[in-house]
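Please put together the full structure from these sequences, using the hints given.
Next come the chains, spelled out residue by residue.
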Amino acid sequence: MSENENITNNPIIVCEDVHKWFDDFHVLKGITTSFKKGEKAVICGPSGSGKSTFIRTINRLEEHQRGTIIVDGIELSNDLRNINLIRQEVGMVFQQFNLFPHLSNIKNITLGPMRVRKLSKRRAEEEALALLERMGIEDQAYKYPAEISGGQQQRVAIARALAMEPKIMLFDEPTSALDPEMISEVLDVMRELAHSGMTMLVVTHEMGFAREVADRVMFFDEGVVVEEASPADFFDNPQHDRTKLFISQTLQH
Amino acid sequence: MDNLAVTQEVKPPNTKKGPVKWLIDNLFNTWYNTILTCFALVFLFFVFKGVFTWVFTQANWRVIPANIQILMTGPYPIEQIWQVWIVLCTLSVLLGLSAGIWHGLVFKLSIAIASIGLIFLLIPLEIVNFIASIGPTFLFTPLELINKKIETEPGTLELNLNFISLIFFKRRWLLGCLVLLVVTFFLGRDKHVLKRWVIGGWFLSFPWTMIMLHGFGENPVSTTDWGGLLLTLILATVGIVACFPLGVLLALGRRSQLPAIKWVSTTYIETIRGVPLITILFMGSLILPIFMPGDFQLDKVIRAMIGLTLFSAAYMAENVRGGLQAVPQGQVEAAQAVGLTYPKTMLFIVLPQALRSVIPAIVGQFIALFKDTSLVSIVGLLDLFGIARSILGNPKWQGNFVEIYLFVAAIYFVFCYAMSYFSQEIEADLGVGKY
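So the sequences go chain by chain: A and B. Just so you know, the first sequence maps onto residues 75 to 327 in this note's numbering. Just so you know, the second sequence maps onto residues 10 to 444 in this note's numbering.
These are calculated hints, taken from the structure and not from any lab test. Just to be clear, a hint being listed does not mean it is correct.
[As the list claims (entries may be wrong)] One-sided and incomplete, this derived list gives chain B residues near chain A with beta-carbon spacing under 10 Å:
1. P337
2. A343
3. A344
4. A346
5. L349
6. Y351
7. I358
8. Q362
9. R365
10. L439
11. G440
Just so it is clear, the structure is predicted and the values come from calculations on it, not from any experiment. Ideal Cβ placement from N, Cα and C applies to all residues, glycine included.
See the structure below:
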């Protein structure tokens with residue numbers, strides 16, 4: 075366990091019996107959990123277990139069909155105003171980076187602050203450059219996404235999410251599309267972010283990162299949370315057979 | 010592996026060939042290719058000879074300068090032609106300022122327009138009559154003979170050798186436009202504060218053009234008197250400028266998740282695409298007036314504009330939709346995750362990527378629209394094509410249809426090729442295909 079001095083007792087995300095179907099396929103079968111402010115949760119599980127879908131429901135990239143999700147006191151409903159309010163407080167990093175290819179890296183970052191937070195161009199660029207410096211890639215600011223490496227692109231994407239000054243960061247397999255050499259540079263940035271006290275929900279297969287950074291590890295399978303525990307308990311003393319199998323398989327190689 | 014480092018730098022093999030080598034390799038490499046080449050040469054010789062003889066001996070090019078006024082502006086009254094020139098002056102000013110402010114493509118465009126203007130300014134159209142009067146051998150006629158001809162038959166030669174009076178008097182308006190273009194270019198150079206004003210000016214230029222062409226006071230020029238290239242350009246410009254945003258909205262509508270909007274857009278697009286343009290123009294000119302209340306009559310030209318716009322927008326919508334489909338869903342998700350609303354997501358993220366991937370299709374649509382304006386001649390408007398037909402109705406020029414149609418085709422070609430050329434420039438500018 076680490077870093078839990080940042081955790082407060084107020085939950086910032088509360089999920090109650092969250093269900094989601096893709097047509098007839100029941101992806102999420104009643105997820106009930108909550109995340110405290112400053113908590114870092116790592117979500118793992120086999121593909122198709124609903125872990126990505128779950129974090130995507132939190133900023134309404136996927137609509138949940140039953141149950142309630144409350145983010146920072148705002149309930150996610152079909153009300154567009156609420157959705158936009160929540161999206162401003164929740165940053166998201168994607169597996170495929172999803173940078174905007176027609177904009178330079180710095181414009182990728184300043185777009186949100188200028189168009190949503192209504193910052194002036196100068197202010198937004200100052201903030202963007204500071205963020206890029208924090209990511210260690212300030213020299214890439216005026217290049218285009220296609221001109222930099224995958225690890226750098228993912229760091230630009232993290233900077234883009236942070237530029238909105240979110241209270242929560244969602245990471246959807248942020249290192250899965252990266253070459254092995256570049257994984258560590260992204261994980262370093264995420265580690266630094268974790269130490270700064272950000273609330274983080276990370277879907278990842280990086281078990282080393284989970285063990286080191288997470289306050290809690292959640293294991294998803296077939297749309298339910300099979301097991302959730304502190305990393306120490308989760309890796310060394312798993313309760314559930316399914317979890318044991320998963321851990322043995324992922325740690326094998 | 011040390012031997013990697015000592016590997017010598019190897020140059021690519023030289024594949025360049027001289028022209029003679031190329032000819033031997035490609036045209037005369039076998040006996041049958043040699044025969045084919047010879048046949049082709051003989052064939053080309055006769056084609057060119059035929060074309061050359063027709064162009065320089067049989068064709069009566071006098072029909073062009075004699076009708077140039079009517080080809081350009083149709084039945085627009087000559088004593089009010091200055092209203093057209095005022096419009097052109099306005100556009101020159103705007104173009105000059107834009108070229109100064111934005112450089113790049115606008116600058117290139119104004120250079121192109123200025124060069125065409127300069128050619129028309131300096132080359133006397135009367136030279137056509139001159140050449141025609143000398144006959145087929147003008148290229149080989151000794152200069153003394155030409156001078157003699159000028160002296161003996163001054164009446165048949167309308168070559169105005171007095172360039173000063175030609176340029177400063179007969180073509181003072183064209184000269185004025187060019188001067189304005191150049192002057193405003195230098196005035197507007199790097200004056201970024203003017204940006205908003207110039208953009209506003211472009212928006213106002215349309216109503217200004219309409220008002221100016223129509224004229225005010227006692228002698229308004231009815232739109233039925235607008236014609237020739239003037240009318241073609243007005244119809245095409247209005248069509249292009251209006252169908253583009255309409256097409257984008259329809260494309261977004263067709264992809265909308267709201268059933269009503271989706272249904273309306275789809276029905277509209279499919280209905281319009283299932284009908285020939287000519288029926289829409291006929292409906293506009295014949296059926297629409299029946300349903301109009303009382304004395305209210307929508308202007309004929311405006312009806313044609315609406316018809317062309319509505320027709321083109323349906324095709325534009327499908328072009329744009331193709332581009333929208335090429336934008337990955339992840340782009341929308343990333344924009345939403347940053348908190349952008351739907352309109353902002355479309356405006357800043359999706360449309361810029363969608364449109365640049367379908368520039369060729371969009372410009373193809375613009376070119377088609379430009380040429381489709383010739384169909385308005387069927388509903389009684391005298392656009393460039395309609396004027397050409399009406400000139401042929403004049404007994405004096407009855408036999409000259411090839412000359413007239415070639416000239417008209419050349420004008421269409423110049424404008425369409427310009428659009429095509431600038432679309433390629435825009436693509437290069439945006440770096441399409443780079444990622």
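Status of each hint after checking the structure:
With 10 Å as the threshold, the beta carbon of P337 of chain B comes within range of chain A, its nearest partner Cβ sitting at about 8 Å, so the hint holds. Hint status for A343 of chain B: holds, given a least beta-carbon distance of 4 Å to chain A, under 10 Å. The restraint placing A344 of chain B at the interface with chain A holds, with a minimum CB-CB distance near 8 Å, inside the 10 Å limit. For A346 of chain B, the interface hint holds, the least distance from its beta-carbon to any beta-carbon of chain A being 4 Å, beneath 10 Å.
The closest approach between the C-beta of L349 of chain B and any C-beta of chain A is roughly 6 Å, which is under the 10 Å cut-off, so the hint is satisfied. Taking 10 Å as the C-beta cut-off, the interface hint given for Y351 of chain B holds, the closest approach to chain A being about 8 Å. Contact between I358 of chain B and chain A, as hinted, is supported at the beta carbon level, the nearest pair being about 6 Å apart and thus within 10 Å. Because the smallest distance between the Cβ of Q362 of chain B and any Cβ of chain A comes to about 5 Å, under 10 Å, the interface hint for this residue holds.
Annotation: R365 of chain B was flagged as interfacial toward chain A, and the flag holds, the nearest CB pair being 7 Å apart, inside 10 Å. Residue-level restraint check for L439 of chain B holds (minimum Cβ-Cβ distance to chain A is 8 Å; threshold 10 Å). Here the hint on G440 of chain B is kept, as its CB sits about 9 Å from the closest CB of chain A, short of 10 Å.
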